[in-house]
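For chain A, the structure is supplied; the task is to place chain B on it using the hints.
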Amino acid sequence: MSKERIQISEALYDIMPSDYQDLVKSATYGKEDRGWKDIGTSKELIEQHSLCAGCPESMAFRYILASLPNPEDTVMVGSTGCTSLVFPMVAVHNIHSLFGNQNAIASGLKRALSVRFPGRVKDVVVLAGDGATVDIGLDMTLQAWFRQEKFTTICFDNELYANTGGQESGLMQKGFVAKMAPVGKLFDKVRLPEIARESGCHYVVNCTVSKPSLVEKVIRNAVHVAREIGPTYLQLYTPCILEIGKNSMEGLQEMRDSEKPTERFAYKEYISEPAKQLLAELAAKDKERKAAAKQLAGQASA
Amino acid sequence: MADIHSIIGTKNKKGQTYTDTWKMMNEAPRTPSFYTGSEVIKEAIRRASCDVMIAYPITPQSEAAALIGELFAEGYIGDYFRGESEFAVMSQCAGAAFGGARVFTTTAGPGTMRAMENFPMWSGARLPIQMIVTCRGINSPLSIQPDTLEIAYLLNTGMLVWHAETAQDFFDWILKGYIVSEEPDVHLPLALCCDGFFVTHTKDVVNLTPADMCLPPYDPYRSPVPCMDMECPPVRMMRDPFVMKSNYISYATHASWQQEIWAAVERSRKHTIHWLNGLIDTENTDADIVIVASGTAVSQGREAIRMLEDEGVRCGLVKVKALRPWPEEEIRQATKNAKHIFVPEFNVTGWLAKEIRATVPNSQRVHAGPHVCGGMTMPPEIIVSEIKTALGMKTFSMAGRGS
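Quick note, the sequences are listed as chains A and B, same order.
Just so you know, we're using this note's numbering here: the first sequence kicks off at 3 and counts up by one.
Just so you know, we're using this note's numbering here: the second sequence kicks off at 151 and counts up by one.
One chain only, chain B, in its complex shape:
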């Protein structure tokens, strides 16, 4: 494959110009467009120089997956098909990535869980696949509504995990995600999560990069492990199949391989900070009260802060953008003045609050809540109520909530 620098400025078969990603994302003119989140995913992939996309229907990601099929029909993607289940799809994605393709897929909720065995395999095999997770309930009784519990299961797979708040985040992060994921010192899959329906099915103004610019193609020979295409020597990768041997060398090989995956997650930190302009965004963190959230809980937190300001309560905000790598030091710094840290979440277990409790000193400052789950919305009033209750302020009773 030609050097990446000699490809920049040339055109692909659709007439798009391979563009330096930094210029494309930060300097090229943007066009405001009014799109649903699903349409935004399509527009990002149109510009992503994707080789293979594999689809499977599950609400709420089906529309995005089908729209990318249209891109394939238009010739923007090398190959596209519907797999037979999420487990199979994630394996098909792995096969395509082993073969040196830039791969994209989308999933949600029970599908994420069904496919789960694949994710540690992806990171173990160092496959920089990008998977959109449009979060929804995973429990029984059946729910198709938004609920972020599935993210908790992804956190220990060795994948990079980012949590988008808005469709604009989504558009930018899909494109930037490939660049971070494919860095030779990272080369790991990315789970780019959003809250289903709230982001996928609502319309928002999103500033798009020019449609005639696209990412440089993926170069599989920058991978830290050999691409399985027989274009490089088929040397034996192991003297012995260490997999099932019970000896010290075997254990040490496994241990160092796993440590290397997490070291690669760690090395992604500098690239993620560079491309996302930090792992977190902050507002007014000198306040006594700080809300820390990810996904659309950030938007609800922002609204709650505005309402509290009207009542004279000053409140700061931390938007957590990357969950892996985890912004440990950033969160510690951003909450160092806080007497109270509130973590509103769209799930029943409060996994983000647990992560934050394990991160900050004096963790009794962390109030895990409010929580909504099973598809409930999170009116900013319940965040306000949670904060006022904790501060010993009078709060109103919310109809139907029994408080």
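Extracted from the complex, chain A is given alone in its bound form:
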């Protein structure tokens, strides 16, 4: 892209909202090595949001949108929950339809885009909470993986139903006392990353969003593998500080505490053989490109 698709007619420029003008001026659509470091120097693809102050989900949103390799040709699919409060503020096309059907929507969407734009890249990325992904939508999550649908599923795992006020979810830890789990949750946290691997996902990562560089890496990998090979799954811990009794400034520490080697969000990844090969090829190309750029810069300064 291409910013041609978002240019403003000169006659209408001054009446467009300033955030749209900023998108045209300094968003990173089409920038080859876009990433989290663009935050602060370019227009982000997320505008003001209405999440709670300090919500780790808002950090996750910013890192993910800064890291999508191809936002100019990416359509996102959300579900009901806190994420649906954010999506109207996101400058890539996105769909909210029902609660839990996100992977079904994405299946139809990806196929339609493949029929309509053969030979062109059109990435589809699902982003939904753990209730949508693992409870009400589990069959559609898994069935999309069984069918090898070529899109990325991201689960914002906050281990409960945040938007409805902190009820028990399948990804909640065993023993946690919550609404609808009045004597503590009676069964283990559902092991969706393992299930994802067994269900045919080619790239699976379980981690927190405490490190933007890590989020950037896994998002890029997940989108590239989904584009070329098959389904990918990211489970990102975005604690609901409100419902676990933390303060606004404590989200980052909560994530750091939960990613220690013995904790439930210790970094875990699974990469299938074809995905490993693809990622190695991409890394080699990237290296080549950087070397060429360095050489060019050297020549220019000489």
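Be aware that one or more of the hints could be misleading.
Stated by the list, open to error - Listed below are several chain B residues computed to face chain A (Cβ distance under 10 Å; list not exhaustive): (1) P179; (2) G233; (3) C243.
If you're looking for bench data, these hints aren't it; they were derived computationally from the structure.
Predicted, not measured: the structure shown is a model, and the values here were computed from it.
Glycine included, each C-beta is placed from N, C-alpha and C at the ideal position.
Showing chain B alone in chain A's frame:
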């Protein structure tokens, strides 16, 4: 995408010519063919320039859904797959339509009910998906037999709802349905219903349009809402996510959006009248007695009228083709002379009779019945008997019916 007029006359990859729909449906030669209703659905879709079809097995629509798979294998459809449940299928259809595809699916009975949450979402998102509903029983104990109760649940979803009587209706309306559904001032999904088995599994002579002609493709950029393909600017659609805000602006936004859906249903009226040649068909509506029906109850009503004529009782007929938009004024006019209005139905609640009672003046004229349900057939004799009883005429006792 190229302008629709420049596409007409060109060929698709199967060698079919994109044809002006009015010419194709009304002027092109027709070939009489002896087909089941399911085969007729396949033949209509062969000519419909469909991008995506998503299937799920449930009697009595499974055969049609599988036959369209054959069309995919032959290259007539862009993509086709079996979803995991009707709820998922209808969401997959939504995803494909959000992405700018012309989408087709079929369902029936409990499947329609399982998928129900999707239908107001489809109309709210203004997705012109076409769904065939081959009606069957939805209640427990389990039944796979024809029963039209599920249509009642579709009437308030914001979808267009048409009720076909014959396989010929089906063939023509599938193709015309896309044209009405995709009009920019409509842009709503269509539930095209028929009575399962009676239409899907019986053979009938159907006049088909030439197989080498097809509909012009769907142009998603004529939609009143943006197509989700990142080919147009990703502007924020809302300043605030109004969904969960409790303020007047939020309520007003929701209210006007819902009103707009029903205004679009209303605006479909002129297109539906144009393409279906009216929302209703009528015969002899100057008679004192008029039967008003939809689906195969119309055929049974027609037969009952012939039998009554033999006994010197003159009776008119109103065939209701479109249920949404509802032919309010047409039904009022067609029944203005009637002293008695009979509404035979294949369901236990009599939803069509309720609609008609709410439409006509002097609604005590409306006799809700006869009703059959759970897959029972409706012999014309029971319609005759219902009418004669109401008129105080002698009628015979029907074996096993305890009358």
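Consistency of the hints with the structure:
no. : hint : verdict
1   : P179 : violated, 31 Å
2   : G233 : holds, 7 Å
3   : C243 : holds, 6 Å
Hint compliance for this structure: hint 1 alone is broken.
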